Amino acid sequence: MANNTADHPPGNSVAEGNHDGDFGMAVTDLRDLMELRSAEAVNKIQNMYGDVQGICRCLKTSPIEGLSGNPVDLEKRHTAFGKNFIPPKKAKTFLQLVWEALQDVTLIILEIAAIISLGLSFYHPPGGDSEACGQVEGGVEDEGEAQAGWIEGAAILFSVIIVVLVTAFNDWSKEKQFRGLQSRIEQEQKFTVIRKGQVIQIPVAELVVGDIAQIKYGDLLPADGILIQGNDLKIDESSLTGESDQVRKSMEKDPMLLSGTHVMEGSGRMVVSAVGLNSQTGIIFTLLGASEHDEEKKVKKTKTQDGIALEIQPLKSEEAAELEEKEEAKPVKKVNVTKKEKSVLQGKLTKLAVQIGKAGLIMSAVTVIILILYFVIHTFGIQGRTWLRECTPIYIQYFVKFFIIGVTVLVVAVPEGLPLAVTISLAYSVKKMMKDNNLVRHLDACETMGNATAICSDKTGTLTMNRMTVVQAYIGDTHYKTVPEPDAIKPETLEVLVNSISINSAYTTKILPPEKEGGLPRHVGNKTECSLLGLVLELKRDYQPIREEIPEEKLYKVYTFNSSRKSMSTVLKNADGGFRMYSKGASEIVLRKCSRILDTQGQPRIFKPKDRDEMVRKVIEPMACDGLRTICVAYRDFPAEAGEPDWDIENDILNELTCIAVVGIEDPVRPEVPEAISKCQRAGITVRMVTGDNINTARAIATKCGILLPGEDFLCMEGKEFNQQIRNDQGEVEQERLDKVWPKLRVLARSSPTDKHTLVKGIIDSTVGETRQVVAVTGDGTNDGPALKKADVGFAMGIAGTDVAKEASDIILTDDNFTSIVKAVMWGRNVYDSISKFLQFQLTVNVVAVIVAFTGACITQDSPLKAVQMLWVNLIMDTLASLALATEPPTESLLLRKPYGRNKPLISRTMMKNILGHAVYQLVIIFTLLFAGETFFDIDSGRNTPLHSPPTEHYTIVFNVFVMMQLFNEINARKIHGERNVFEGIYRNPIFCSVVLGTFILQIVIVQFGGKPFSCTALTIDQWLWCVFIGVGELLWGQLISAIPTHHLKFLKEAGHGTTKEEIHEEELTEGADEIDHAEMELRRGQILWFRGLNRIQTQMDVVYTFQTGQAAVPGALRRQPSVVSQHNDATAAKTLSSPTHVGLSSSSSLTNSAGAPPPAASSSAAGN
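Per my numbering, residue -9 is the first one in the sequence shown, and the count goes up by one each step.
A few of these clues could be false.
Below, a list of computed lysine to any residue pairs in the SDA-like style, where the Cα atoms sit at most 25 Å apart [what the hints assert, rightly or not]:
(1) Lys50 with Ala16
(2) Lys480 with Asp532
(3) Lys563 with Pro535
(4) Lys166 with Val154
(5) Lys421 with Glu662
(6) Lys547 with Ala496
(7) Lys530 with Glu482
(8) Lys66 with Lys186
No lab work stands behind these hints, which were simulated from the structure alone.
Source: prediction; values computed, not measured.
Go ahead and model the full structure; you've got the sequences and the hints to work with.
Here is the structure:
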């Protein structure tokens, strides 16, 4: 053991504030040193610096006292060695976002059309007399009016600019929110260092080179360092090296600790040797960002282009390195599944958007064709005119007008607002969830949570308060029901007990005085150990002097606690050369290793197996049935004569123990948990408890929480029995066996992390029952990582959770409380409902606007709703409505229905009924007004007006009524389950009220003052009142619709389904990959769509290249793909493209279709949505 810390004055760093700041090592020396591993590193340290103490001296720090924390000194270190901060990827500027928003195909088409229309309006053909060109310019009163032709083009351009700016602004604020979240998560991460001899926690970003940091089980190392002292330290370096085996670290063999790696076992102290961009993670990052032109190739690998993957992965940026190896290990792993690939909702929406987009494309094409045909037949056929050269520009102007109408139909049909609504809704929820103690790391987790059907929860700290206190004890053959007085225990026994507890616990665990007068003492560190230290204090003794007498450096060997040992032991060397080992751990495990027990006199007596069974029956089971955790404290002496034992053979060491005491620790159930669990059960969510405690304790707590209800035949089983039931003779897990167990299982006790993972995977993959299960899991330990990653939503504990658990999770519970999970369910369901509300509103508008534009165009040669008006409607529909409907606050009533599950359609029958019902009302009104409005209002008809004639009152009323109906229908859209009261809780949503009012005011401004650009003319007050009255009719009509029972309307189809089993099956055939479970299939669906966008350009380049060079480009097409599916697609595409005949193309597109992406025809706007 390297305990030679006394060879230099301990206070040197504290006294060193006035030093001239030239450190004995430069950044380059440290970087070179950190690149070495194991023996090479040890040799280099010995040759150059003597030992690690030498490095500490060069860095002017003390291994015991740490740095002085003097700001001047810290500043010097920052300048010399850099800060512990890896700059995030540069955020996109607003202009870049504007440019991206402009890439939208429909907008581009509109811009082109508008520019052509603008150009033509300025072109006046020489001597083109209007008579010769037919009815083209008939009815134009004066020259001035003809000059106004440019207004429409300009107005379209202007509205396109507005749409683009709004989209860009939304993206920008989204990005900003991610950045905020990112920094919030980074501030949350603190690390323990020693400064001025005090152990303090500082934010990771404040670490400097030379700091002495304490590391323990579950930490994620934030900087590189060199080990100064370690106990049984094992590190998982897979994020850097890809080796999954844990690496043992020790002073003699391998003292190099690297940033971004996880401490899986043990504890120790290190001196920080590299931070930020100089650390190993930082170097990898610099490499990733160094070559900008390589960035494009890397995009596929690191997926940073998604903008979310990188931003929202917190805890500095070790994730890029992790991605590299994880992607080789298994194509889609939860940690790097980006938002686009994972979410259930996202998948359904993408499908829906593509379907609507196709419909809109067809409608708009048909509209244009009909308009042109009608014009040509009418002008040249019926009127028998000939095409004159001087009339060409005027005819073209007509064609452009038709084209613009067609494009406007498309614009209205394609729901660009969908992605926007999802984003707004999620971003809003995430912000609000912060207040409910949910820190969301992956946006879509929030919405997936609304579909959760099962929650597998830990016991300690989540369901219980994690404030442990010893309430019973068995010491010296006596079972005390309360903590005994110190006099009742023999002094010898008391001495051994107090020493054992004080020394054999992490020295970072302590009990501090309460923060407020009269409060409870603060427990710092491991809560179980705190309860034992609390027992020491209750026995009127103090643990601090004992720890000061035996500091950590004097501990000879430490076996730290881990999930397989379920115990912790510390070895001390005695003066005579012998050793004493103190142990503590789960009582049934440690008692099995005991061969003696201290009796009433404090003398060890023989402890036989039958004594042990009796003790289990009389002491441990009664304690457990009271819901107590039982811990056994023991010791063992190794005499000097026997020589030093082999410490690595644990089974021989942890044996022949002498039991000192068994204590019962109470961890009271959080008072609000039973209520929260009954809410979950009402909401159709099954809560299961997975715990490491013994089965009696677990059962007692589960009954208190309400997980187990009296009179129901639910299963409680231990991990061992669970494994026997679900594994076959070869020891492999069989899904059929698991399906027999999990539906009734409520408590899994004495479970290992693997059991937890097996259970979660089994439930997710299971296909029994009507719906597929969506599982949420809570975890806090390092070993919960796999289960958290596997789950649909992983919750990590913010207070008790280790960094590793937080890294694997989707949501961090900042207060470790189960009730926060219920809040998350509420928010998740709310997101889902908000999207549905928006869809219900949006689709009504879509249906009506498309039919009106289409029919109107076919019958009257001109869309009743002009391009600019359509764009305004689009703006109300998309941006403003998504703002209004996506920000509805959740209500408790959301918890009264069953979860939707994975494959429930987005648009239910009730919603379909509402959409079609309201569409009928609106169409009847609009067509009545269109064809009979002029007589009703006694105004001139607006039909068949010439090209540049001024706007008519007639069409203005049609437009105004249309918008009024949308406005009132927006109120109807607030309810999607057929509720009667659409105003309920409307005042709780100020955003909604202000959007509706704002839209109304803007509409007045547009109609009264919009004039030519908006094709409007001012209306009288009577006409306005009629418009509003017809709008209010929407609300009354809504009541009528909700009175029709949905179950009679069997003919209504649902839309926006999730993945069905058949599709999954079909997909597996196309995969040709190894087995990939169904859940992961689902993740792939969105991914393919996304890759199409990325691959489009590259494929085109490859096609050109292939035709030039034959087959040579195929490997290039394959090389870029990180995921199996896209490799498969690309291979097919590449084959079909490089073959001269195009027969193969259909197979490639059908393959992609089965995976839910659009066929090549559905232009890239689909991929963009």
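These are the hints, each one checked on the structure:
1. Lys50 with Ala16: 13 Å, holds
2. Lys480 with Asp532: The hint holds at about 17 Å.
3. Lys563 with Pro535: Cα-Cα ~19 Å, so holds.
4. Lys166 with Val154: Holds, at roughly 18 Å.
5. Lys421 with Glu662: 24 Å, holds
6. Lys547 with Ala496: Given pair Lys547, Ala496 holds - Cα atoms ~13 Å apart, limit 25 Å.
7. Lys530 with Glu482: Within the cut-off at roughly 15 Å; holds.
8. Lys66 with Lys186: 17 Å, holds
In this structure, none of the earlier numbered hints is contradicted; all agree with it.
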